[in-house]
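Next come the chains, spelled out residue by residue.
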Amino acid sequence: MGLEDLQHNFLTGRLEDLVKWARRNSVWPATFGLACCAIEMMAVGAADFDISRLGMEVFRASPRQADLMIVAGRVSQKMAPVLRQVYDQMMEPKWVISMGVCASSGGMFNNYAIVQGVDQIVPVDVYAPGCPPSPETLLHAILTLHEKIRTGAITRRGPGGTGEQPEQLAGWVPEEPDAVRVATPR
Amino acid sequence: MSPEEASQAAPAAAGPSPSDAPAAHAAPSVSQAPVPSQSPVLSPLPDVQTSPGRWASEIAFPPRERYHDLVAAYKASGFEQLSDVTAVDYLTHPGRELPPGVEPERFEVVANLLSLSQTRRVRVRVQVPADDPVVDTLYDLYPGAEAMEREVFDFFGIRFTGHPDLTRILMPEDWEGHPLRKDYGVGRVPVQFKEAPGPR
Amino acid sequence: MTDGTDGDMADDTIRDTVGDAAIDGDAATTADAATDDGFGRSGVRRAQRAAVAETSEGAQELSTRRETSPDELRREVGAVLRIPEGGVVDTADIDLERPTDETMIINMGPQHPSTHGVLRLMLELDGETVLRTKPVIGYLHTGMEKTGEELTYVQGATNVTRMDYISPLTNELVFSLATEALLDVELPPRAVWIRMLMSELQRVSSHLMWMATNGMDLGSTSMMIYGFREREMILAFFEKTTGLRMNHNYIRPGGVAADLPDGWEDDIEVICDTVLRRTYEYDELLTGQPIFRERMEGVGSITAEEAIALSLTGPILRSTGVPWDLRRSMPYLTYAKLDFDVIVGTYGDNFDRYAIRLNEIRESIGLVREIVERMPPGDYRVQDRKVTPPPRARIDESMEALIHHFKIFTEGFRVPEGEVYAAIESPRGEIGCYMVSDGTAKPYRMHIRGPSFVNLQAVPTMLRGGLIADAIATLSSVDPIMGEVDR
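The listed protein sequences correspond, in order, to chains A, B and C. My numbering puts the first sequence at residues 1 to 186. My numbering puts the second sequence at residues 187 to 386. My numbering puts the third sequence at residues 387 to 873.
Mixed in with the good hints there might be a few duds.
[Stated by the list, open to error] Distance ranges between label pairs, derived from CB positions:
{"#": "1", "chain 1": "C", "residue 1": "Gln675", "chain 2": "B", "residue 2": "Ser237", "range": "38 to 44 Å"}
{"#": "2", "chain 1": "B", "residue 1": "Gly363", "chain 2": "C", "residue 2": "Gly825", "range": "24 to 30 Å"}
{"#": "3", "chain 1": "A", "residue 1": "Ala22", "chain 2": "C", "residue 2": "Arg615", "range": "53 to 59 Å"}
{"#": "4", "chain 1": "C", "residue 1": "Tyr666", "chain 2": "B", "residue 2": "Tyr370", "range": "51 to 57 Å"}
{"#": "5", "chain 1": "A", "residue 1": "Arg84", "chain 2": "C", "residue 2": "Gly605", "range": "29 to 35 Å"}
[To be verified] DSS-like, lysine-lysine: derived pairs with alpha carbons at most 27 Å apart:
{"#": "6", "chain 1": "A", "residue 1": "Lys20", "chain 2": "A", "residue 2": "Lys94"}
{"#": "7", "chain 1": "B", "residue 1": "Lys368", "chain 2": "C", "residue 2": "Lys626"}
{"#": "8", "chain 1": "C", "residue 1": "Lys793", "chain 2": "C", "residue 2": "Lys828"}
{"#": "9", "chain 1": "C", "residue 1": "Lys772", "chain 2": "C", "residue 2": "Lys793"}
{"#": "10", "chain 1": "C", "residue 1": "Lys772", "chain 2": "C", "residue 2": "Lys723"}
{"#": "11", "chain 1": "B", "residue 1": "Lys368", "chain 2": "C", "residue 2": "Lys793"}
If you are wondering where the hints come from, they were derived from the structure by calculation, not from laboratory data. The structure presented is a predicted model; accordingly, all values stated were derived computationally and were not measured. Ideal placement from N, C-alpha and C gives every residue a C-beta, glycine not left out.
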């Protein structure tokens, strides 16, 4: 709707930048710590690896108030519907970081009990590998997400794309392209 | 009820004690296991087979009918706490070592008892056949057995008569099958790696 | 929904009922008492041994008191020990006609901000008072015991270490002890002492983590930050020694994976001094503070009899006055040679558990200092070619070393047939490993007795009759780690 149809002149261009700036500098995570990765996520929230400097130290308990779901830990078959329900309760715009190998792909637990990758349930924006990923890795993932928010379109819902990619991207872009948002049934 | 001090344990290190060991190339080794209790072996029900065990004073092999009585007898003789109830599915390892007179069955329910006053452990192993996987519960003797026996039921399908709430505890309620049985697969999803052919 | 007076009456009624039963004070009844259940519709069958008791509610449901069966109530109400022999809780005694029997069933979790992982608590509330609790677990079930049967003994430590993820070295240690008991090997002294050093540091870091999360549950965010700050020092040391901050895979069957790094004594000295000094800051912040004391004292109490019957161990059991610590009573490794105190509480309430854990930090710091002084030189793993891989440099020189390395890391080493239950004292209680081997390179059955799994059985007893705000504090003081509850 609306904004991507407009030609970018100085007025609407700045509005879009302003919206993206506001969004990426106060991404509030929802508490979704499941297993060992949750401890590293709490360490990121603590003093040594402070995410408060990124505006993110308020972990909202209610998904209605959260922007980001960091799936930290292994998702078991029993937990999968709960995960989807919490994701559905979050308001747009929302992002998902899959933290750790268990959330990204099932990790070392390739068995009957663990969902092999949380992207089978929710669309994931950034994958952070590690078992557990050290807090620096999680910070890198968060900053990658910030970059994705900065360079993506502000109304990027819809099947397929992440919005237009500008030609020149600054510093934090990783070598591989970011995860493509998959179409999920509503 | 104060347990004995560590003075009851005779030093069991083989070789010189570590505190005054010089740099010995012949690496004297130390035992890590708790020293077994010096009290005589128990066997409260004399007609039940027992054998010595690792990290335990004795291992008892009661028949299924006497399982509850044996555990009650142990409890009466000072085993105040139940450490663990678990089970093993011996489907793919039928030829295990058992004392004479004990018939091997498919399942084995294992209860570990602990005596705080005598600081010793005892293990009780009951053979449970596959066609009738039912055993008495220990809930009336040790209420702490409740969650453990539910887990055994969840993973092996062994039912405990007298258990107040025998339902699945770790798997979802509507799960079919008992995952830790040997004829239940791991559920591995084949993973395609870039260079590797075939499932891993 | 009710005003204060009605709520009080309801509480008195419940407590009177239980109180009468408590006066009799007999031991737990057998489940085979009374074939009629007073309701007639709950389907409780007490027939032959083939019949199994069915309760009126499934594992994931919670019904109000009026709709449930006596068995279910007996589990929750009054704690099983207070039910007299041969008597079933007669639900007619509980006054069901009073106007305030509108109870509320609420669901806490599995995703909730009290950072104890994915535990779901279903609570039946009368106003603010908790009547019944049913913990529903399994949301983190990972199939680790099944995975343990697919991995070799060399790989097993990586699997087991992720169960209790706050003190991973403890899991590895119990797994290694069980394996070594089956292998019947004895370790060089330095390996044993390194294991003790890491265990005690792990205990400090786990209790610091507990204090951090407990503080946050009670509202003290500063405690959260302080706890993690201290813990980072210990994790930095772990990273230096083992390579990882968490889930180290360091204590393996045969010894430890690598020797202590250079300068480790100085690192430990800094850690010990800092942490010990800061425990006195925590005293100032929490222990003497009136709000903290009011919230923790007398809340969530449990008696020694109940604790032993429910198979509780660790700080919960010690808070009731039972001086049971496996390091002292059934010493493993070489704890018999070390001098430390076992901290014991009196009232079995939350405050006692807090004080026990705080003082255990201090005791463990003292133990760490003693271990540093007495650390023997020597090998850090057993020199058995079949069990321990050779040093990497030797692989280039010796064909035999290459073959051993290959066999150990592909097939693994074979362990003789046998079974063992090895148990040690983790920061949460008794963690045990029941291992059955069939002569191959993989365990036939690897079961870990998680202390939190068993300690969670205390939660209904502790929460009953308290306020819902206390439920968080009590649950936090039980210190459940869902990784080892669900495995």
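* **Range hint 51 to 57 Å (beta carbons of Tyr666 (chain C) and Tyr370 (chain B)) holds or violated** => holds (54 Å)
* **Range hint 29 to 35 Å (beta carbons of Arg84 (chain A) and Gly605 (chain C)) holds or violated** => The hint (29 to 35 Å, Cβ to Cβ) holds, given that Arg84 (chain A) and Gly605 (chain C) are roughly 31 Å apart.
* When you take the CB atoms of Gly363 (chain B) and Gly825 (chain C), is the distance between them in 24 to 30 Å? -> holds (28 Å)
* Take a quick look at whether Lys20 (chain A) and Lys94 (chain A) sit within 27 Å of each other, Cα to Cα. => holds (13 Å)
* Holds or violated: 38 to 44 Å for the Cβ distance of Gln675 (chain C) and Ser237 (chain B)? -> Cβ of Gln675 (chain C) to Cβ of Ser237 (chain B): about 56 Å, so the range 38 to 44 Å is violated.
* How does the Cβ-Cβ distance of Ala22 (chain A) and Arg615 (chain C) compare with 53 to 59 Å: does it lie in that range? -> This hint is violated: roughly 31 Å between Cβ atoms.
* Asked: Between Lys772 (chain C) and Lys793 (chain C), is the straight-line Cα distance small enough, at 27 Å or below?
  -> At roughly 9 Å apart (the allowed maximum being 27 Å), Lys793 (chain C) and Lys772 (chain C) satisfy the hint.
* **Pair hint outcome, Lys793 (chain C) versus Lys828 (chain C) [Cα-Cα no greater than 27 Å]** => holds (13 Å)
* Given hint Lys626 (chain C) paired with Lys368 (chain B) - CA-CA distance at most 27 Å -> Distance of about 41 Å is beyond 27 Å: violated.
* If you draw a straight line from the CA of Lys772 (chain C) to the CA of Lys723 (chain C), is it 27 Å or shorter? -> violated (30 Å)
* Restraint check for Lys368 (chain B) with Lys793 (chain C), where alpha carbons must lie at most 27 Å apart -> holds (26 Å)
Of the numbered hints given earlier, the model fails hints 1, 3, 7 and 10; all others are met.
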